[in-house]
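Undergrad: Chains as they are written, first to last, in my numbering: chain A, 1 to 287; chain B, 1 to 287; chain C, 1 to 287; chain D, 1 to 287; chain E, 1 to 287; chain F, 1 to 287.
One should not assume that every hint holds.
Which copy is meant is left open, so a pair is good if it fits within one copy or across any two.
With a cut-off of at most 27 Å between alpha-carbon atoms, the simulated DSS-like pairs for lysine-lysine come out as follows [stated by the list, open to error]:
1. Lys120 <-> Lys221
2. Lys35 <-> Lys213
3. Lys80 <-> Lys281
4. Lys267 <-> Lys80
5. Lys120 <-> Lys176
6. Lys35 <-> Lys281
7. Lys120 <-> Lys281
8. Lys213 <-> Lys286
None of these hints come from the bench; they were simulated from the model.
There are 6 protein chains.
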Amino acid sequence: MSAATPLPAYAGYKHFITTSPSAGVAHVEINRPDKLNAFHEGMWRELGAVFNQLSRDSDVRAVVLSGAGDRAFTAGLDVKAAAEEGSILGGKVNLDPARKAARFRRSVDDFQSCISAIEKCEKPVICVMHGICLGLAIDIACCADVRLAARDARFAVKEVDIGMAADIGTLSRLPKIVGSASWVKDVCLTARDFNAAEALAQGFVSRVLDDKKAALAEAFKLAAFMSEKSPVAVQGTKELLNHARDHTVEDSLRYTGVWNAAALQTKDLQDALLSNLQRRKPTFEKL
Amino acid sequence: MSAATPLPAYAGYKHFITTSPSAGVAHVEINRPDKLNAFHEGMWRELGAVFNQLSRDSDVRAVVLSGAGDRAFTAGLDVKAAAEEGSILGGKVNLDPARKAARFRRSVDDFQSCISAIEKCEKPVICVMHGICLGLAIDIACCADVRLAARDARFAVKEVDIGMAADIGTLSRLPKIVGSASWVKDVCLTARDFNAAEALAQGFVSRVLDDKKAALAEAFKLAAFMSEKSPVAVQGTKELLNHARDHTVEDSLRYTGVWNAAALQTKDLQDALLSNLQRRKPTFEKL
Amino acid sequence: MSAATPLPAYAGYKHFITTSPSAGVAHVEINRPDKLNAFHEGMWRELGAVFNQLSRDSDVRAVVLSGAGDRAFTAGLDVKAAAEEGSILGGKVNLDPARKAARFRRSVDDFQSCISAIEKCEKPVICVMHGICLGLAIDIACCADVRLAARDARFAVKEVDIGMAADIGTLSRLPKIVGSASWVKDVCLTARDFNAAEALAQGFVSRVLDDKKAALAEAFKLAAFMSEKSPVAVQGTKELLNHARDHTVEDSLRYTGVWNAAALQTKDLQDALLSNLQRRKPTFEKL
Amino acid sequence: MSAATPLPAYAGYKHFITTSPSAGVAHVEINRPDKLNAFHEGMWRELGAVFNQLSRDSDVRAVVLSGAGDRAFTAGLDVKAAAEEGSILGGKVNLDPARKAARFRRSVDDFQSCISAIEKCEKPVICVMHGICLGLAIDIACCADVRLAARDARFAVKEVDIGMAADIGTLSRLPKIVGSASWVKDVCLTARDFNAAEALAQGFVSRVLDDKKAALAEAFKLAAFMSEKSPVAVQGTKELLNHARDHTVEDSLRYTGVWNAAALQTKDLQDALLSNLQRRKPTFEKL
Amino acid sequence: MSAATPLPAYAGYKHFITTSPSAGVAHVEINRPDKLNAFHEGMWRELGAVFNQLSRDSDVRAVVLSGAGDRAFTAGLDVKAAAEEGSILGGKVNLDPARKAARFRRSVDDFQSCISAIEKCEKPVICVMHGICLGLAIDIACCADVRLAARDARFAVKEVDIGMAADIGTLSRLPKIVGSASWVKDVCLTARDFNAAEALAQGFVSRVLDDKKAALAEAFKLAAFMSEKSPVAVQGTKELLNHARDHTVEDSLRYTGVWNAAALQTKDLQDALLSNLQRRKPTFEKL
Amino acid sequence: MSAATPLPAYAGYKHFITTSPSAGVAHVEINRPDKLNAFHEGMWRELGAVFNQLSRDSDVRAVVLSGAGDRAFTAGLDVKAAAEEGSILGGKVNLDPARKAARFRRSVDDFQSCISAIEKCEKPVICVMHGICLGLAIDIACCADVRLAARDARFAVKEVDIGMAADIGTLSRLPKIVGSASWVKDVCLTARDFNAAEALAQGFVSRVLDDKKAALAEAFKLAAFMSEKSPVAVQGTKELLNHARDHTVEDSLRYTGVWNAAALQTKDLQDALLSNLQRRKPTFEKL
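Could you build all of it, start to finish, from the sequences and the hints given here?
TA: Quick look at the structure:
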């Protein structure tokens, strides 16, 4: 993706490269390819910051997230780094278990909220998964709106293999983004691998492309397509779909009505209708 | 479907033809084929009224909903009519945005509650989708219990293309009636078309037939099949499945127990058991 | 499965045979093959007791549930026995309908809570379905974590055919364990049969094997695989996935953090990490 | 209240007199004083219609509800009429209990939704209770926003005394509008009387006045006071308080933000601020 | 209360004396007065069993719960016994904290479910509190329907004083049974004493009587009063009020309609109406 | 309160003075007395930061919040400053209403989350209210755990008087912290003043003291009392009470069990029990 324009507002981040393949689209790359893009604490804190910034950046209308290098979207948590930082193995040993629990709870809260920033980002996020996609890779992908995979992607909800239940979102979100609970239990309780074809068949990803390059190209096309629509319509749609997941239909309908009470007052509606009639492409103001 | 018997109780509706292909089955047709069955306000108000009446009509045990003509189930909202009526583009211009918002909110509430009448109808509703199925077509179909498609059906959650988030139910219900959240986000955020095969693969429809005629025939068969069962059992099943969608398993089990505390006192239970033993078809009283 | 070791602690049950195909795995067989494993009240009460015991039995880390004999997982409720016991047809006739309703409600509550014991069991439960799987078979299977089928399995949500809405859990759980609501409504409202291939395509089961023997072998392998992992990780994963189903993502993330605040203090984490480094199989203490 | 202006738009109702004591205020009187304002089906249907109309009537900004005559706000359900109509004692006797249950359920639904119209009315409703206030009186009052009592008011949640649990809203709402669950259980389980002082002490009413005349005068003053404020602010406040009752704080905060995103665009905000500065009374446009 | 009739069906319990002060009323006494009625594990298990039995005992229509002796309703957990049993201080020391946590969680679950049996009991439960009412005393009382106090009652949510957050129900229920959150936080965070007058003012109890004897007499009167009403009405009222606490008004109204669909078919309704007309006391059959 | 020790870690804040009246207690003063402690955006952002820091500061075990000066806790929003900053009156005028709505929604979200930091603070917060307590004063106080008032406190939910519904938390929290919904509606819909006696009677505050000085002294005593207890017990109690408010009893009991599974492993439990026996004051480690 050589031609991508760097986005200066995101130049300060160390672990993520953010460029723009086309107007209104941001491409965020996890950039630690020599370590299979494995995450240490500094990285997930930065990930949260990047997506919080994207959420309020009115120049950005759609986001693509991928991993740098050929081998991995991300191999997940860098367990060695985590052990050294003490965030997993608990640090200061002489605390009583209740006090240690408070530390762990706060750490997990912080970690979760960095990853949830992807879901809370007001713009659609398309996640491109290739190569190794383990553990945290699934937590991250579950927060994206659309998931695409390269054919070489190899997934696993790996956490039980290191003696823990996944706690950064996979167990909370995966059952709500695919159809088969039996399959979810199978992959989460066994930590077994699954490939792109299985991910597609189960609805975890919605398209499989030949390789990372093709998957990225598809993601850029999709993001460009979304970014040309009315941002009032697109961002409202994301918000309302996320709200629906966690509420009754009755509640969701009500919230939708209140949301659209303002959103329907956008000029985009007339512009879109008029453009449709005139068979030309409308352009919409920033949101 | 020439042989269908008209249902006199529904003769007064202007935009919907309601007939009976067989005992206990009502067939409701959206009847504005020259405009691709596109909806204006009068139509959706009538749709609500038709289904409210069907819900309490003890002669009806199952309903089939389809669109008249060869070209469309429905092309969705008649945007031109809506603009003239002011329900979309907001009418009286000199209100402040808060007052306009109140108008929009009330209009959306009214509109939603007309369409939700399909879901609230106590009888099972089978929706037959053919040809063009855009925007409101999806909102309507999401309220039905079973969705069948003709092979020529072409679907789109079209709303973002006219600058708005869908607000009549698609965003509230679609994520709960198919398995893949990635696919839902894809079709809702892009407004792209999808065909019958994709709709089947994703579980949006549960069967695809060769053409509208075949799909209708299948729907009539299915509806007839349902209408011959105990209406206490069938209508209870619909209610309990709809309740389950919006409640925890614990809540749903409790509600089920309370519901069946009365329902199990039906004579249908003995009649069904006896008929099973005697290998004859039972008949059940109206509900 | 001749080589299975009997589990003495479960020898007292009359209607279920519980053996151990391998360390940490319990195999529970519904044992009334001459009646197609159909359930009477004594059986479902015992089923609840068996799973409550398994839940707290620290020697057991995974459970396989199947039906004895070649013909049926279970044909469901033994309607004849139920009629004699009065639990379905209501017993004492001279009660007024409100008093009868109280009886029915309490019976359904008791029955539900026996079957829910499978879901509440803290260990993963793999259900192997073969031959006839009707009515209660689906209620039971919906409580398991993973569902496997033999190719000859024939399923039906049969209750409407005996004049009642299913009330032991199918209507509460089935919509939440498969993706397509249209399919769920179809099979629940018609009581029609579906086979193993359809069950797999819809995500109700996650694997189909050639015959019961192969399905059991696969289940034992899967159970053995799970039972060798850290029980803190595996049982936590089951709990968190079940919790997620009935809560918002926000709630689920919070609960996960609190759960793992204690669970991450397990020695299993270090043991698993170390074993991974040393490329040997770890062993974990009982939980 | 002789000087009240009749409101012609409400002249068609038979059982309710609607007048206007001051600009923007509607006074609805239950008008069957010779029968202690006891309700038959025609009355509660009309009550629903009156409040649905008030909700959308932009000339009305606050509503006072009271009972005509000196003796009763309302003695509740006219049991004799209900028995004749069959809505309580069940009508057609030869239905089986399941079918009778469906009738009862639908009747209760309809009845509830007529009474809930008071709660759903977008304008604040002040209920003035005097004399006899039994059964349905409490259901109705629980739907109002503010409850005032005359000193002679005598209340009872009377339903258990006629062999039934209250089903038109008291049991759903009363526990949420007063503080002491022990008191709620006491009055609901015993059907005992309580007087105005007790009602005040428990927070059921928020003020007690000397007699009906004084209570009405106070209600008119309060209603006039509310109707002079910005209707955007007042109606938003009612909506948000009702929403809060049934949602988590998190949900409620979010809904509030979305609601006010439009409401804060009202001109009323500037007008109110400016008027405050200029120490004059602002006037606000209809909503 | 010397004249009370023993209830033979409850004679087998060791720690609770169950008698009947009048027809249909059961009086359960916590019977360990020499230890201030402090609870050890055997006691709370028995308490659960007593209330489960009362719930299904059709001879019982209302229950009074009190503590034997002059000095205490109950001083709460017998901390010394608990420490010996290991249920609080954790028993087997060489488990890792995750495994210990599983033990604690299961113990708390069991303990909670014994106490919750009071709330789940289908009959109204009136709790009479006198003398010392500490810790578990509050958990227990929160499960009752009506709380009465003797003037000498001294209450405290004592748990923080022994280094723990109350976990048997007080923190879950107390905020929902009184009005002032500030007061709840005050007494729960400080563990300070409060007396009967304060308990009454805050709505925790609904009546204060001169001494234990007077409070018991009042409770028996109240229980007798309730037990003479239709049990269909009374038990339905309890159920619906408990349901309302944990559900939205919308949900609660719906549940109420379904509940009463069966309950309104009771003969008690006619009997009650007729008795009212004839100004005689009706009698109602068992439920 | 001259003797209070400054807390250096909080010296960098401009608008809040944070001192320590006794070990483990932090006293936060809103410090803009010349403007009646009215808030501009910089202040509420800082308030959020202060409480986020207190939440994780293990040297602090209880917090007292009050307003500097004699005249006001806070007069609420500094409307003039807000108008200049554009956060209320909407800033950039040429945006369409949908885009303006997005700005308002984000501003309200940010504002809410700063104030909610008080509620989310893991330590108990005691709010001392004196003099003028308008608008935002109520939003802030609703987030505290315990509310005390000086006799001169004058409260109002003032927002409707400036043409808006309160959106920073009052409408979401007030109905859940006092008992009488009628009173809540009264004060929120009219914006009328209420005094300390009324606040106490309604349960909004739990104690009224003679003047600010006495109220502060009481708050310091209360905070010191709480800070001497086990922080594991105190902070767990706060968390569990806040959780209970927004969940069913069933959910809350379960969460409590999981929470205490770790918390009961604290050494504080033994220390507290032992100290009780030895009748000496225990000391507890930081959390």
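Undergrad: Determine for every hint whether it applies to the structure shown.
TA: Structure-based check of all given hints:
{"no.": "1", "hint": "Lys120 <-> Lys221", "verdict": "within (23 Å within a copy, 40 Å between copies)"}
{"no.": "2", "hint": "Lys35 <-> Lys213", "verdict": "within (20 Å within a copy, 44 Å between copies)"}
{"no.": "3", "hint": "Lys80 <-> Lys281", "verdict": "between (51 Å within a copy, 19 Å between copies)"}
{"no.": "4", "hint": "Lys267 <-> Lys80", "verdict": "between (53 Å within a copy, 16 Å between copies)"}
{"no.": "5", "hint": "Lys120 <-> Lys176", "verdict": "both (16 Å within a copy, 20 Å between copies)"}
{"no.": "6", "hint": "Lys35 <-> Lys281", "verdict": "between (44 Å within a copy, 25 Å between copies)"}
{"no.": "7", "hint": "Lys120 <-> Lys281", "verdict": "neither (29 Å within a copy, 40 Å between copies)"}
{"no.": "8", "hint": "Lys213 <-> Lys286", "verdict": "neither (30 Å within a copy, 47 Å between copies)"}
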